[in-house]
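Protein chains: 2
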Amino acid sequence: MPTTTTSSSPAPRRVVVVGGVAGGMSAAARARRLDESASIVVLEQSEYVSFANCGLPYHLSGEIERRDSLLLHTPESLRAALALDVRTGSRVTSIDRERRTVSVQTADGAYELEYDALLLAPGAVAVRPPVDGLDLPAVHSLRTIPDLDGLLARVGSLPAGARAVVVGAGFIGLEAVEALAVRGLQVELVELADHVLPPLDAELAPLLAEELGAHGVGLHLGVSATSVTPATGQGTDEGSVVVTLSDGTRLPADVVVVNVGVRPASDLARDAGLELGARGAIRVDADQRTSDPHVWAVGDAVEVVQAVTGDVGPVPLAGPANRQGRRAADSMLGRRTTQQAAVLGTAIVRVFDLTAAVTGASQASLERAGIPHEVVRIHPAHHAGYYPGAEQVHLVASFAPDGRLLGAQGVGRAGVDKRIDVLATALRAGMTADDLAELELAYAPPFGSAKDPVNMLGFVAQNVLEGTMPQWHAADLDEVQATALVLDVRSRGEWARGHLDGALNIPHTELRDRVDEVRTAAAGRPVAVHCASGVRSYIATRVLLAAGLDARNLSGGWLTLTAARPELLDPTPEPVDA
Amino acid sequence: MPTTTTSSSPAPRRVVVVGGVAGGMSAAARARRLDESASIVVLEQSEYVSFANCGLPYHLSGEIERRDSLLLHTPESLRAALALDVRTGSRVTSIDRERRTVSVQTADGAYELEYDALLLAPGAVAVRPPVDGLDLPAVHSLRTIPDLDGLLARVGSLPAGARAVVVGAGFIGLEAVEALAVRGLQVELVELADHVLPPLDAELAPLLAEELGAHGVGLHLGVSATSVTPATGQGTDEGSVVVTLSDGTRLPADVVVVNVGVRPASDLARDAGLELGARGAIRVDADQRTSDPHVWAVGDAVEVVQAVTGDVGPVPLAGPANRQGRRAADSMLGRRTTQQAAVLGTAIVRVFDLTAAVTGASQASLERAGIPHEVVRIHPAHHAGYYPGAEQVHLVASFAPDGRLLGAQGVGRAGVDKRIDVLATALRAGMTADDLAELELAYAPPFGSAKDPVNMLGFVAQNVLEGTMPQWHAADLDEVQATALVLDVRSRGEWARGHLDGALNIPHTELRDRVDEVRTAAAGRPVAVHCASGVRSYIATRVLLAAGLDARNLSGGWLTLTAARPELLDPTPEPVDA
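Here the protein sequences line up with chains A and B, keeping their order.
Be aware that the first sequence starts at 1, since it is given in full-length UniProt numbering, and climbs by one per residue.
Be aware that the second sequence starts at 1, since it is given in full-length UniProt numbering, and climbs by one per residue.
So that you can see chain A by itself, here it is in the shape it has in the complex:
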């Protein structure tokens, strides 16, 4: 049953799309809106098209009550609205680029389909980690509707208080943790990296870890799962397993969810001889065209250039996939496109009551790429502090020496998404610290502050880059304690609740009268100032600099320091007599 419409028009008459979710379906819909007469066939190997894959964890948790809500369109609704020929259960097994045909395998047999323009939107496949026992029925993944159905069936059969192990603390892993905990399971989370959510910089991740702990989630960081084995012994539920970790820990589990990342589903493209990039993603130009002028590709399977670092590789995110689909359709139909720009990698996750979001280059990626940068950290309220309900937002941003914004990350209970979206827009525009300082954002007490947190990032970055406020960083603590006087300008009450060994406490309001004490204590050493967030210590640093001392301000203050080193907040436990 190949579609055999022909035409002498230069526009392609036969568009074939392989893959019927995000990017593929965006392309098919856009193609129809641009060309009413083209034949548009969408081939989807699963039974589901255009489903809400980002919504799966929220049906698992029960927040999204109806499974139907995840199925945004059906082949029937797409035919009715857009005259698309959507064929589910149809796997493309090969591409004959010479003859411009694809071979399609269905339950009923195989056939060939001719194309004038072919769009590949095959997505990604879950990476299968080298762990024994992943085929046990207790082990699940969470990428597709069948994955979800299987996981829900398993979870639904378990009693309250059943035990779950989630392997992989990336975005989907964290959403799965939250969902399982909300359903009443006791969840243990295993992550090979030394902190949760590896795209987040290490200094912010402890905030998420604390939130997970506060909701009863057990954390196992810096370890991998090495095997899953059937549980044995008395009282063991049917199907229960034990997950053994690389440090020897044995975690009993009634259900295991594995999400350790994805790789581009580029086998079909590779077999067809299309050019792939170093990390196995399909290489495309700024119009989404592959190395074959009749073939386009979009979504998790294609290679993009990351902004700032210039890293090249796949970035499995729904937003870029959808926009790539629209662009590919424009290009297939011979129209001007908005060319693919470098990808910022903007992403966000909610973990219980906390939100974490990133855009642009992380500090870790800047360091890997050897890109010079200054980091600024602030902890402002998400709206006017005097208005009820203000929540602290932890914001970190990196700037080039010339002031250009390079990346930003945020964690907090409210207002994080807004600031990261503004910063993502600023990044796209190539804005500098000066530009952030001058942004004119909407202010009324329930929404922000007259000096918005984004303005504050700009102000602090200006001060750092111009040398008005030299900084020191939490990562330098050991060296600083060895070589400098630490001056804590918080109040005596704050000091009493925890402080650095060997520090001198002079509240900032007393500093101008006590500069000589500082000079004496410093004895020629630099003075490393800090307060809680960096605001009072900025004033103090200026006072000391004016007095001719070599003073620096702790970036982000005690809040940043204790997030990175939570042990500073723990009092030494009292010895217990037996």
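The set of hints was computed from the structure by calculation and includes no laboratory data.
Quick caveat: nothing in here was measured; it's all calculated off a predicted structure.
Errors might be hidden in some of the hints.
As the list claims (entries may be wrong) - Derived, one-sided and incomplete: chain B residues facing chain A with beta-carbon distance under 8 angstroms:
1. 37
2. 69
3. 338
4. 422
5. 434
6. 549
As the list claims (entries may be wrong) - Chain A stretches covered by chain B per the calculated footprint, using a threshold of three residues with CB under 8 angstroms from any CB of chain B:
7. 54-66
8. 203-209
9. 320-329
10. 397-406
11. 507-519
Just so you know, even glycine gets a beta-carbon here, dropped at the ideal spot from N, CA and C.
Position chain B against the provided structure of chain A, taking the given hints into account.
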């Protein structure tokens, strides 16, 4: 007690700041952080410095429980933290620019103060409308702490169900209405313009009016108050009044709040011979310097250039005032400044559960300025529609023919502040429809959509500007009904709940099979298509264009049309037999 420090240094040793709120206090604090040794005197005529003037309505409502919360700093706290010499109750009566002195009047007498750099931050004064009886004790304003104290005392003395009249439906007026209603008063709102919140375009204002009505607020639009007179007669509470409107309506009131706008408090500057602009605001350069090189000015009293239209005049907003203060301090101390850019006028207000926000040029201001533009309107969900709690956001944006964003406005129950902040950032960056289409904003189902509303604005604008989707507008309705076939492609159920007279209803899923019906009904006339929001009718418009018909899509659909013309939703009342 003039400060008489002198110095041979080129940096000013004596900084005098007139006005101790937003811009003035920002400048004083920044000046201290930059120069530890300068003498910095802040002269404030009232008893309060650095108070949260944007927070006043929220203490009136009781949301901010403690009056103290509004007093962010005191002269004592500013002396302790920043070594500022803050003098309240100190009115500057004149400036001698030749001798570089200001004359200060206090309750205890007068004195002169020398300056090397003088900063004027006198703010604005309430416009007093030409209404008889504004001196009656029932009549209040809401700009200062004493205003608030007086209003609270009055409101606190009133019984439940007392009556309030608010004159002026600008930002503060609307906040006052909400606060009084929350406190249980029956509120009537009077506005001279034909819609509430005049900076908002007329098409969005009915959404606010509806929200006000739903909370029991009476609206009197297109009328002014002409007099306030003491109430007389039996059962009248002491101090009650009657507010008479220009249409003859008489509104009994136990309290009246008048906020009809402000004008620059530029008398001192004018008397000193400083250059003023056409609307009485102090003229400054991009460093906030006035026509006198030793005098700077910031805040509500200064002239700014508005972005897009190039209009010149004062813009009384807290955000710009604070940033101007920082810039003025930099300039006074001889540092590089981030020069004042044209002001976008970004602003936001919460009215009960609804938020309205604006940035850049409104449609009305573009029309006044004769700037060509295309307007696009969308009504997307504020986050993924399949995730619980999705709220509709009404967004309107204007674009130049070359694609440049000119302005945007939004109304909705959630997510409006975020989109307007992103659009304000895009505006500042000079972004186009293409740029908005490609913005990479943070997406997970609780926060947004893979195609964020801001991306959607870009997509729709691209379609309009490239001619892919010709539009018609709600404002053209009468002409369209007279000259075109209106084709309503909503479902039969939607049609049954209200539709345009004379329209043809063909659900969009049936249109491809029924194009000939449309051709026949159109009989050579253009076809004006619409659906609920503009999405289905966009597809339908493409189908009709492909069939050779002259089709256009209603921008914003039925939702925009019925917001502008709510009478379309009202069924004709049945005649009532007496």
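Quick rundown of the hints versus the structure:
1. 37: Status holds, d = 7 angstroms.
2. 69: Hint holds; residue 69(B) Cβ to chain A Cβ min 4 angstroms, cut 8 angstroms.
3. 338: 5 angstroms, holds
4. 422: With a closest approach of 5 angstroms, the residue 422(B) hint holds.
5. 434: At about 5 angstroms, which falls below the 8 angstroms cut-off, the nearest Cβ of chain A leaves the hint on residue 434(B) intact, so it holds.
6. 549: 12 angstroms, violated
7. 54-66: Since three or more residues must qualify, the claim that chain B covers the stretch 54-66 of chain A holds, with 6 doing so at under 8 angstroms.
8. 203-209: violated (count 0)
9. 320-329: holds (count 5)
10. 397-406: That given contact is violated, which follows from only 0 residues of the stretch 397-406 of chain A lying within Cβ reach (below 8 angstroms) of chain B.
11. 507-519: Holds: 3 residues of the stretch 507-519 of chain A have a Cβ under 8 angstroms from chain B.
Of the hints listed earlier, those the structure fails to meet are numbers 6, 8 and 10, in rising order.
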